[in-house]
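With the hints as extra help, turn the sequences into a complete structure.
Number of protein chains: 2
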Amino acid sequence: MKYAKIISSGMYVPKKVMTNAEFEKLTMFTIDPYFSDVIGINHRHISEEWETPTYMAAEAAKKALARIGMKPEEIDLIIVGTDTPEAVSPPDAPRVQYLIGAHKAEPLAFNVNASCANGALMLDIAARYIAMGDYKNVLVIGTYAMTKFLSWKYSWEALFSDGAGALILTASDEPGFIGSVARADGSWWQNWGIYIGAGTMNLAGFERGLHKLDLRAAYPSTVNEEGWPMLINKLMEKYNITKDEIGMIFFTQVRKKTIEKVMETLGLPIEKAHMIMHKYGYTGSACVYMAYDDAFDEGKIEQVKGKVVIFLTSGVGYQQVATAFRI
Amino acid sequence: MKYAKIISSGMYVPKKVMTNAEFEKLTMFTIDPYFSDVIGINHRHISEEWETPTYMAAEAAKKALARIGMKPEEIDLIIVGTDTPEAVSPPDAPRVQYLIGAHKAEPLAFNVNASCANGALMLDIAARYIAMGDYKNVLVIGTYAMTKFLSWKYSWEALFSDGAGALILTASDEPGFIGSVARADGSWWQNWGIYIGAGTMNLAGFERGLHKLDLRAAYPSTVNEEGWPMLINKLMEKYNITKDEIGMIFFTQVRKKTIEKVMETLGLPIEKAHMIMHKYGYTGSACVYMAYDDAFDEGKIEQVKGKVVIFLTSGVGYQQVATAFRI
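As you go down the protein sequences, you meet chains A and B in turn. Quick note on numbering: the numbering used here labels position 154 of the first sequence as 388, and the sequence is numbered without any gaps. Quick note on numbering: the numbering used here labels position 177 of the second sequence as 411, and the sequence is numbered without any gaps.
Please keep in mind that the hints were generated in silico from the structure rather than gathered at the bench. Worth double-checking, as some hints may not be accurate.
Same chains, same names: a pair is fine if it fits in one copy or spans any two.
Stated by the list, open to error - Heads up, simulated DSS-like pairs for lysine-lysine below, C-alpha to C-alpha not over 27 angstroms straight-line: (1) Lys370 / Lys541; (2) Lys236 / Lys539; (3) Lys305 / Lys468; (4) Lys338 / Lys495; (5) Lys491 / Lys477; (6) Lys468 / Lys446; (7) Lys338 / Lys472; (8) Lys305 / Lys472; (9) Lys468 / Lys338; (10) Lys468 / Lys541; (11) Lys491 / Lys239; (12) Lys239 / Lys370.
Quick caveat: nothing in here was measured; it's all calculated off a predicted structure.
Rendered as structure tokens:
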């Protein structure tokens, strides 16, 4: 059995910025100081028309390839995770494969959708492909263009920002990938989403506003505040990971205070939860790869060499996945 | 390492039927005898408004569970494959988890999208989850509601039919899963799809008709006629499978004459390619699981016990995946 090792990362962030003050002016809601202090977000990056999900994904992937001097044709598998796809069909992944110039090598390329749980899930899937020995280099990309689905009239829409993050994994004889745990509960499916689809992709669906992100009923804070520590504890137990071994945890960057509370519950110092929402806003499927890339560039990954790094991602539907790697 | 074994199957087919004659009347195109003879399709099943992708998926899954007396809470992972999703976000999978009554057990549930290559791909992913020992029972479901995205004005739209197919895999100490091969080429991405998505999910996108399935440029017949035998040969070589060992191949049910030509190229008798398009039309992500279920009920799976069964699925984007199991 082979172990998946993370060997590179890259990200793409649109240049256009909207501050909280600008958001307040647009929506007539007062979101600060709450959004800056509790959510941790004081501005957002908004993709231009030409900054589509596959464009941003390809740019992040190109940076990850360039960082280690890897050629696109060395990639054996491309997985794209998003719940803001460029099209209903085909999936984004083969388009990204083409945009990075990998199509002549014909690597398998497919999309996954576990909404904002995509980050840890794709690492899990990639690691299991690598484990069996027939896939060597796997490119995983989270891409997020949620501002393209906003109505710009609700206060909670201040959360969203666009961007893409990419990681490259390769087969190794040593860990690498330790393992994963996950949970999902579809009884929450109708609460929050973009509900246009088969059967409603028509004028009536548009008139009902189903093509916009819709918060119909709030999730209770316990889903993440209790669910995340439960999942981390389950992961530690399943793979005999001690608290001291944990070098860093990359959580879905959805709310600063939640991450602080979760780290407190776990009895871990907040410094071990690298956060980026103050820099890039909330970027859903992309955020944990962007956080890894940011931590890498700050030299923080180097500092936890030999330790365990955990990705915990959580998304509407809902699904929660935690994946552990020895770095 | 554990091997994934297929232990059950189920399907769901909408009752409402449209014959080729009715299609001709509606579109003013003459599609017969070509569609009946060459494509192999003489009628199609059309989902009612309430027969949504997740409803059909859940009904197929319930039949697969009932066939072996398995309880929903015994399922450890649910993967749904579709390019006709019920919503842009969340994915269909957690909704299906809820509809079959599995949500209290909280099994991981996510969507994949490799368009009509989903069938073999989901088996590949499921088998790799099972291989590592921490997932025992995996439910894979292909669901297809493409008639909900049709304009009912092009002759090629006669292809499409709705339905769902489900397989259950379980961990075993003997094969089971042998392995897989795949290829993709995203330079064909823009040819055929439902192109509404991030950035075009607006009134202008609707006015351009992007919410309808659009055949913008035909794929050359060689993509399947040459690609499929190439992939089967690669699979046989990679896993030392001889021609005599092949008991059955389930191909994407998109064109009868293509399957006949591919079997001829491979030097295999046409009886080993079980076809269902004359019964159920073309059901995309669902078709190979529906074909397995149909073959099972006809006693044909029992007849190939000990032999190799191959699933070969192929979809726009494009992606092609072939997965082999010892039955």
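Up to 27 angstroms between alpha-carbons, please classify Lys236 paired with Lys539: within, between, both or neither. within (20 angstroms within a copy, 32 angstroms between copies)
Is the C-alpha distance from Lys370 to Lys541 at most 27 angstroms within one copy, between copies, in both cases, or in neither? Classified as within: same-chain Cα gap 23 angstroms, cross-chain 29 angstroms, threshold 27 angstroms.
Within, between, both or neither: how does the pair Lys468, Lys541 come out at a Cα-Cα threshold of 27 angstroms? within (18 angstroms within a copy, 40 angstroms between copies)
Can you give me the call for Lys338 and Lys472, within, between, both or neither, at a CA distance of at most 27 angstroms? Only across copies: Lys338 and Lys472 sit 21 angstroms apart there, 41 angstroms inside one copy, limit 27 angstroms.
Check Lys491 against Lys239 for me: Cα-Cα at most 27 angstroms, and say if that holds within a copy, between copies, both or neither. Answer is neither; intra-copy 31 angstroms and inter-copy 45 angstroms both fail.
Using 27 angstroms as the alpha-carbon threshold, which applies to Lys491 and Lys477: within, between, both, or neither? within (21 angstroms within a copy, 61 angstroms between copies)
For Lys305 and Lys472, with the copy left unspecified, which applies at a CA distance of at most 27 angstroms: within, between, both, or neither? between (36 angstroms within a copy, 25 angstroms between copies)
Cα distance capped at 27 angstroms. Does Lys305 pair with Lys468 within a copy, between copies, both, or neither? For Lys305 and Lys468, the Cα distance is within 27 angstroms only across copies (24 angstroms; inside one copy 38 angstroms).
Homomeric proximity label, Lys468 with Lys338: Cα distance no greater than 27 angstroms: between (42 angstroms within a copy, 17 angstroms between copies)
How do Lys338 and Lys495 come out at 27 angstroms by Cα distance, when the copy is not named: within, between, both, or neither? between (48 angstroms within a copy, 26 angstroms between copies)
At 27 angstroms max between alpha carbons, let me know whether Lys468 reaches Lys446 within a copy, between copies, both or neither. Neither: 36 angstroms inside a chain and 44 angstroms across chains, both beyond 27 angstroms.
Treating 27 angstroms as the Cα threshold, decide for Lys239 and Lys370: within, between, both or neither. Both ways: Lys239 and Lys370 sit 10 angstroms apart in one copy and 25 angstroms across, limit 27 angstroms.
Of the numbered hints stated above, those contradicted by the structure are hints 6 and 11, listed in ascending order.
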